[in-house]
Amino acid sequence: MAAPIAFIQPPVPLQILAFPPTAYSICYDIYTRRNEDDAPHGWNSPRSNIYRRLKRRLLQAGFVRNQYSDWVHLFAPPAHIFNTMTDLGNILPPNKLSSTVKGLRMSRIDQLAIMDITENIALGGNFSTMLRGPVPTNLVLPVAAILDPIPGPIPPGAPFARPVDSGPGGADDPGNFLV
74 MAAPIAFIQP PVPLQILAFP PTAYSICYDI YTRRNEDDAP HGWNSPRSNI YRRLKRRLLQ
134 AGFVRNQYSD WVHLFAPPAH IFNTMTDLGN ILPPNKLSST VKGLRMSRID QLAIMDITEN
194 IALGGNFSTM LRGPVPTNLV LPVAAILDPI PGPIPPGAPF ARPVDSGPGG ADDPGNFLV
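The numbering used here runs 73 ahead of the 1-based position in the sequence shown.
Any given hint could be a false lead.
Here are the simulated lysine to any residue pairs, SDA-like style, with alpha carbons at most 25 Å apart [said to hold, decoys possible]:
| hint | residue 1 | residue 2 |
| --- | --- | --- |
| 1 | LYS175 | ASN211 |
| 2 | LYS169 | HIS153 |
| 3 | LYS175 | GLN140 |
| 4 | LYS169 | SER118 |
| 5 | LYS128 | ARG107 |
| 6 | LYS128 | TYR141 |
| 7 | LYS128 | PRO166 |
| 8 | LYS175 | GLU192 |
| 9 | LYS128 | GLY162 |
| 10 | LYS169 | ASP111 |
| 11 | LYS175 | ASP111 |
| 12 | LYS169 | ASP143 |
| 13 | LYS128 | ILE194 |
| 14 | LYS128 | VAL85 |
| 15 | LYS175 | ASN117 |
| 16 | LYS128 | ASP160 |
| 17 | LYS128 | ASN168 |
| 18 | LYS175 | ASP246 |
| 19 | LYS169 | ASP183 |
Have a look at the derived ranges for each label pair, beta carbon to beta carbon [what the hints assert, rightly or not]:
| hint | residue 1 | residue 2 | range |
| --- | --- | --- | --- |
| 20 | TYR141 | GLY243 | 45 to 53 Å |
| 21 | ALA96 | GLY243 | 15 to 23 Å |
| 22 | PHE80 | GLY248 | 18 to 26 Å |
| 23 | VAL85 | ALA112 | 30 to 38 Å |
| 24 | LEU90 | ALA244 | 50 to 58 Å |
| 25 | SER172 | PRO94 | 31 to 39 Å |
| 26 | GLY248 | ALA218 | 18 to 26 Å |
| 27 | TYR124 | THR210 | 25 to 33 Å |
| 28 | THR210 | VAL85 | 48 to 56 Å |
Simulated from the structure, these hints should not be mistaken for lab results.
Cβ atoms here follow ideal geometry from the backbone N, Cα and C, with glycine treated the same way.
Using the sequences plus the hints, can you model the full thing?
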């Protein structure tokens with residue numbers, strides 16, 4: 074088998090060079106089926122392999138994870154961000170990223186958080202002070218004491234249906250939920 078052809082770094086577009094050094098993000102989305110399906114339809118590879126390689130490359134370039142596939146560099150010239158983004162095409166095996174990518178973009182972040190309501194909307198926060206339906210017990214226990222009313226088990230004989238989007242198994246047992 075011949076050696077793979079080297080990836081050639083494309084030039085940085087002039088419009089990218091016009092932006093100032095500041096905070097930037099790189100976000101990606103990968104097709105699951107193209108990773109996990111058997112050949113000839115896919116790579117027959119757990120998607121965690123490509124995510125691990127992307128993570129390694131982004132960490133080496135000075136990025137920190139904001140969310141699962143959203144990485145932020147708090148201060149860098151835009152050329153560094155563009156070059157890092159295009160360099161992701163070098164992860165192995167050759168053409169793995171190019172044949173599985175659903176989206177890959179860089180964004181300039183003028184303000185890292187205009188309005189972050191994470192703590193308010195999380196269970197127990199100002200916008201979520203009570204249970205509005207059954208919630209898995211272990212997701213409630215860390216904040217149960219600050220909820221009003223304090224949650225308890227589903228009463229015996231009370232109607233219960235598996236919550237929407239929950240699969241069969243433990244989600245069919247009302248004893249695994251608090252209300």
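Hints breached by this structure: 1, 8, 13, 18, 19, 20, 21 and 22
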